[in-house]
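> Chain by chain, the residues:
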Amino acid sequence: MDYDGASDQRYTRLHRLSIAPAWGPDARTLVFASYAPMPDVFLATLDGRPLTRPAQGSDSISNTTPVLSPDGTKIAYTTSRGGVGGNYDVWVVNRDGSNAHNITPNTDRSSEGAPTWSPDGARLAFTSDRTGVNQIFIMNADGTGVQRMTFAGKADRPTWSKLGYIAYTLERAGGHDVAVLDIGRGESRVLTDGVGSCRQPTAAPNGRHIVFVTTRWGGKEHLASIDYPDGKYIRQLTTQGNNTYPNWSPSPGGK
Amino acid sequence: MKRLSALLLVLGTAAALSGCVKNSKQPANTPAPAPLFPGSASSRSTPAPVSAEVPPPPVVVPMDPSVTSRSGDPLSNTSVVDINKDSPLRAVFFAYDSDALDDAARATMTANADVLRKYGTWVVTVEGHCDERGTAEYNLALGDRRAQAVKNYMVSLGVSADRLKTVSYGSEFPFDPGHDEKSWSQNRRGHFMLTAK
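Chains A and B are the protein sequences, given in the same order. Using our numbering, the first residue of the first sequence is number 1, and each one after it goes up by one. Using our numbering, the first residue of the second sequence is number 1, and each one after it goes up by one.
Bound conformation, chain A alone:
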């Protein structure tokens, strides 16, 4: 749909649950997870070519929250493949399905997930519960240089913006809010105002707006946009049904 909520179109017609879509850099490609019967990563092009399943799921593996790298060549995703005791890892696979590998190895006692690429593709942010509850960590794209970035509440669903921040869902006793982490300073602050539940942020290509899921209007899940950095001008984008897992497409040319 358009940024103002107009002309939304149903994309998938798979007759099964599809979640967590993410655009590729050309805005002509998407990846998402769909139940088949276990969730697996599907790659779709908007020109109607057949769907592919680069993560090669099976009926005993869960592959979710895929994201295409900024150059469109690789997909990072959350998977139970090889996980010990139901724990998840972040894997990266080439778009054509080759070279699938675990970039959070040696984490048998914790779950890693919800990856997001840095705008230059050199790093990834992700969640891990290695310190107790989920917090946001960043690492180099090869899995080295892991660094913890958040320290309060529970954190989930990071999205890395070109303006040098990571927006994420912050869960505290009072509920969910969208928070932003200044990567350079390592400081987080809450952006939304505590009305309803506010989660699953996605940043606009220029970083100045963030779209998120909120229950502030009557309990149903709607998409809203909010301005960065000041948290002003919350606008309702959807009016029908429940709307979740928003993902803002890049602008053509990657700018």
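It is possible that part of the hints are untrue.
[Said to hold, decoys possible] Computed cross-link-like contacts, BS3-like style, restricted to lysine-lysine with a CA-CA straight-line distance of at most 30 Å:
no., chain 1, residue 1, chain 2, residue 2
1, B, K118, B, K182
2, A, K74, A, K162
3, A, K232, A, K162
4, B, K118, B, K165
5, B, K182, A, K154
6, B, K118, B, K85
7, B, K182, A, K220
8, A, K232, A, K154
9, B, K85, A, K220
These aren't lab readings, by the way, just hints derived from the structure by calculation.
Following the hints, complete the assembly by docking chain B onto the known chain A.
Structure of chain B alone, referenced to chain A:
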């Protein structure tokens, strides 16, 4: 210009769960009656003499435990879809943000294991579900742990692991759409879905 900054959204509730359920086209497992006199069709004109020296034909005892779902059992002639509407396999419930099995959960699974012993060909998918309070991504993992906990306990009760598949729906498919503990308690579950019989 609007199209250039398009947003994608998924209407999560619009997805059809029924697409995940395989319709079993297999007939009910009622063994065909064994012929009393093997080969009798070709020897119709020369009936075998009844003699004390001829042993009676062996009684056929199928090894398949589904022999217990005889025609007198209404479930033997009920479709998978209809059984799931009022299933003898009961759901297991969890505490908030927990995959631990309490006494009630274990009692439910003991009864469910009896059902699966009675219907030895049934194959079940254990769905892990969560209430809406955690984040969606976290709940996918929590639902997986719940489904695995249920499967592992069922296996410990003697149910073959290959009859129990697991899947997590996180908080995507709440059974009760409300936003209070009464609803949430219904939504934190390991749900038994019959997929084949």
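> Each hint should be assessed against the structure and marked as holding or not.
Comparing the hints with the structure gives:
At most 30 Å may separate the alpha-carbon atoms for a hinted pair to count; B/K118 and B/K182 exceed this at roughly 33 Å. Restraint check: the Cα-Cα separation between A/K74 and A/K162 comes to about 19 Å, which is no more than 30 Å; the hinted pair holds. With a C-alpha separation of about 20 Å, the suggested pairing of A/K232 with A/K162 holds against the 30 Å cut-off. A hinted pair counts as satisfied when its Cα atoms are at most 30 Å apart, and B/K118 with B/K165 qualifies at roughly 19 Å.
Distance hint between B/K182 and A/K154 is fulfilled; the C-alpha atoms sit about 24 Å from each other, no more than 30 Å. Taken as a hint, the B/K118 and B/K85 pair is honoured in the structure, with Cα atoms around 19 Å apart against an allowance of 30 Å. Distance restraint check for B/K182 and A/K220: the Cα-Cα separation of roughly 18 Å lies within the 30 Å cut-off, and the hinted pair is therefore satisfied. Taking the CA atoms of A/K232 and A/K154, the gap is near 24 Å; set against the 30 Å cutoff, the hint holds.
The hinted pair formed by B/K85 and A/K220 meets the criterion: a straight-line CA distance of about 27 Å does not exceed 30 Å.
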